[in-house]
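A.B. asks: Protein sequence lines, in the order shown, are assigned to chains A and B. Taken in order, the first sequence gives residues 5 to 313; the numbers are from our numbering. Taken in order, the second sequence gives residues 19 to 267; the numbers are from our numbering.
No lab work stands behind these hints, which were simulated from the structure alone. Hints should not be assumed to be uniformly reliable.
Unchecked claim - Calculated Cβ distances over 12 Å to all of chain A for the following chain B residues:
1. K20
2. R66
3. K68
4. G71
5. S74
6. E75
7. T83
8. D139
9. D140
10. T145
11. M148
12. Q157
13. L188
14. M210
15. K213
16. P216
Stated by the list, open to error - Derived DSS-like pairs (lysine-lysine); straight-line CA-CA distance at most 27 Å:
17. B/K261 to A/K311
18. A/K179 to B/K68
19. B/K259 to A/K199
20. A/K277 to B/K261
21. B/K265 to A/K215
22. B/K261 to A/K31
23. A/K179 to B/K72
Unchecked claim - Listing some non-contacts, in silico: residues in chain A with all C-beta distances to chain B over 10 Å:
24. N44
25. D65
26. E83
27. E117
28. A133
29. A174
30. A188
31. R192
32. N213
33. A219
34. T249
35. K277
36. F303
Keep in mind it's a predicted model, so treat the numbers as computed, not measured. Backbone N, C-alpha and C fix where the C-beta goes; we use that ideal spot for every residue, glycine too.
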Amino acid sequence: MPILVIAEHENGAIAPATLNTVAAAAKIGGDIHVLVAGQNVGAVGEAAAKIAGVAKVLVADNAAYAHQLPENVAPLVAELAAGYSHVLAAATSNGKNILPRVAAQLDVDQISEIISVESADTFKRPIYAGNAIATVQSSAAIKVITVRATGFDAVAAEGGSAAVESVSAAHDAGKSSFVSEELAKSDRPELTAAKIVVSGGRGMQNGDNFKHLYALADKLGAAVGASRAAVDAGFVPNDMQVGQTGKIVAPQLYIAVGISGAIQHLAGMKDSKVIVAINKDEEAPIFQVADYGLVADLFEAVPELEKLV
Amino acid sequence: MKILVPIKRVVDFNIKVRPKTDGSGVDLDNVKMAINPFDEIAMEEAVRLKEQGKASEVIAVSCGTPLSQETLRTALALGADRAILIESDQELQPLAVAKLLKALADIEQPDLVILGKQAIDDDCNQTGQMLAALLDRPQGTFASKLAFEGGQVTVTREVDGGLETLRLTLPAIVTADLRLNEPRYVTLPNIMKAKKKPLQVLTPAELNVDISPRLRTLKVAEPPVRPAGVKVPDVATLVAKLKHEAKVI
């Protein structure tokens with residue numbers, strides 16, 4: 005049976021995490037269908053049809069699916085799921101919001117944030133903030149899974165030529181409504197997809213000092229992240245948080261500045277290819293995972309680093 | 019408004035657990051256990067709503083072994099009015115917990131259920147959403163702010179790009195994010211008072227719920243170990259190493 009991938013999209017564009025999710029679907033094997041649910045999502049459907057390896061795109065264009073309200077989208081997915089062996093979505097805030105609801109409607113378990121596919125029914129996922137990796141096997145008729153994007157290399161966004169079909173089913177539970185959103189604007193690359201990430205922690209002392217990290221990030225073409233301590237102290241907004249409860253990143257280079265390296269933070273970045281730590285406390289746990297550690301005052305080291313790169 | 023707050027007994031968040039050598043799970047012998055941090059936030063929110071006169075009763079519920087009574091006493095000391103333990107020695111997966119909570123919600127008829135957004139042991143982030151689906155109620159997940167008005171709750175949610183605000187019709191399900199509030203400390207007088215508060219014990223059989231695990235854990239292993247790194251003496255060496263050795267910039 006084919007595999008259904010729920011497309012993640014915003015502002016009329018496919019989100020990069022969808023490409024990693026399609027890659028996970030390809031590892032399972034079988035025809036891959038992509039569902040694009042939303043309002044005015046014709047262009048997204050066309051973009052989804054171009055993703056390499058996708059056989060069919062289902063477009064559910066309806067006002068009820070605007071803003072991806074789970075009360076409306078989950079019944080749609082549950083209804084479509086009957087014809088599929090697997091239903092996959094990226095482990096983004098949207099995927100995590102909708103898929104467990106789908107699973108409960110189907111009376112099956114849901115498998116969260118898989119990092120590898122062992123076989124069509126067996127998957128690996130991190131537990132205990134990434135301190136252990138569980139291999140789990142599901143006997144459910146329909147496997148409902150969220151995919152950790154950093155665990156799979158993205159498939160090509162171009163090259164496919166899938167058929168596009170429209171889905172007329174409209175579900176409007178009428179129990180929830182969208183009021184507003186407040187999205188952080190930035191010219192820097194998106195945190196979860198960036199090749200280089202520069203992150204600051206409590207050691208930054210205040211929000212204004214993050215300007216040193218922004219300057220370094222701009223020179224490297226990097227995204228800027230933060231530890232929970234920096235977010236809770238109000239230095240930066242919460243969508244910049246990297247960790248167990250924030251975003252999971254695995255860039256080529258992760259530069260941790262003034263971050264001690266609590267278990268919860270490491271959970272979000274320890275799969276980075278190269279980790280650099282800059283901290284004045286040489287006992288900080290971050291040095292245990294850093295490939296290159298520099299014991300120095302960040303207020304001297306970061307501007308110097310910016311000059312030299 | 020009656021509020022139900024499900025809580026879970028988990029390993030303390032500061033503890034770095036290790037998988038057992040036989041791969042059957044993680045070693046939790048003699049490890050400090052505590053209330054799941056997200057559930058503590060959920061309980062704090064419920065207690066604040068009661069203090070503001072918006073909630074009439076706060077019920078803490080936990081599913082698990084008799085040891086979870088201890089966690090429920092903590093919830094009572096934080097301000098819950100009464101507690102219910104659904105006792106089971108079996109492994110409980112999110113769908114089973116959601117079904118138990120649904121059965122309990124059918125009896126208690128809460129207007130609001132506040133859960134933590136995820137437990138820090140299984141890291142599933144599923145139970146609240148599943149409960150909402152089973153009860154056919156709206157959900158406000160990853161909440162960082164709640165406001166109540168005329169049979170509705172306005173929920174500000176933490177989403178990938180920033181914040182999103184939704185309006186849900188009560189009864190509803192909310193899952194708490196870290197930034198919803200700062201939980202209070204339990205005081206000794208409150209711990210003493212909590213000992214006198216009612217704690218009811220039920221079984222899954224009494225609620226007529228099948229809790230058999232659907233997902234089989236084949237193995238629990240250590241994550242790949244990163245080889246030890248090096249300390250560099252200065253910024254210039256760091257840049258040189260990143261350019262020529264790691265070739266990442």
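A.B. asks: Against this structure, judge whether each hint is valid.
C.D. replies: Against the structure, the hints:
1. K20: holds (19 Å)
2. R66: holds (18 Å)
3. K68: B/K68 is indeed farther than 12 Å from all Cβ atoms of chain A, at 25 Å.
4. G71: holds (24 Å)
5. S74: holds (23 Å)
6. E75: About 23 Å separates B/E75 from the closest Cβ of chain A, which puts it past 12 Å; holds.
7. T83: Non-interface label stands for B/T83: nearest chain A Cβ at 19 Å, farther than 12 Å.
8. D139: The claim is violated: B/D139 sits with its nearest Cβ about 6 Å from chain A, within 12 Å.
9. D140: Per Cβ check, B/D140 is inside 12 Å of chain A; nearest 6 Å; violated.
10. T145: violated (8 Å)
11. M148: Violated, because the least Cβ-Cβ distance between B/M148 and chain A comes to about 4 Å, which does not exceed 12 Å.
12. Q157: The claim is violated: B/Q157 sits with its nearest Cβ about 6 Å from chain A, within 12 Å.
13. L188: violated (10 Å)
14. M210: holds (32 Å)
15. K213: holds (31 Å)
16. P216: holds (30 Å)
17. B/K261 to A/K311: Measuring from Cα to Cα gives roughly 14 Å; hence the hint holds.
18. A/K179 to B/K68: With Cα atoms ~24 Å apart, A/K179 and B/K68 stay inside 27 Å; holds.
19. B/K259 to A/K199: This hinted pair holds, its Cα atoms lying about 18 Å apart.
20. A/K277 to B/K261: The hint holds at about 14 Å.
21. B/K265 to A/K215: holds (26 Å)
22. B/K261 to A/K31: violated (34 Å)
23. A/K179 to B/K72: Holds. A/K179 to B/K72 sits at ~21 Å (cutoff 27 Å).
24. N44: holds (19 Å)
25. D65: It holds; A/D65 is separated from chain B by about 21 Å at its closest Cβ, greater than 10 Å.
26. E83: Holds: least Cβ distance 13 Å, greater than 10 Å.
27. E117: Per Cβ check, A/E117 is inside 10 Å of chain B; nearest 7 Å; violated.
28. A133: violated (6 Å)
29. A174: holds (17 Å)
30. A188: violated (5 Å)
31. R192: The assertion about A/R192 holds, with a minimum of 13 Å to chain B.
32. N213: Check passes; 18 Å lies beyond 10 Å.
33. A219: Answer for A/A219: holds, closest chain B Cβ roughly 14 Å.
34. T249: violated (6 Å)
35. K277: violated (7 Å)
36. F303: holds (12 Å)
The structure fails to meet hints 8, 9, 10, 11, 12, 13, 22, 27, 28, 30, 34, 35 from the earlier list, while all remaining hints are met.
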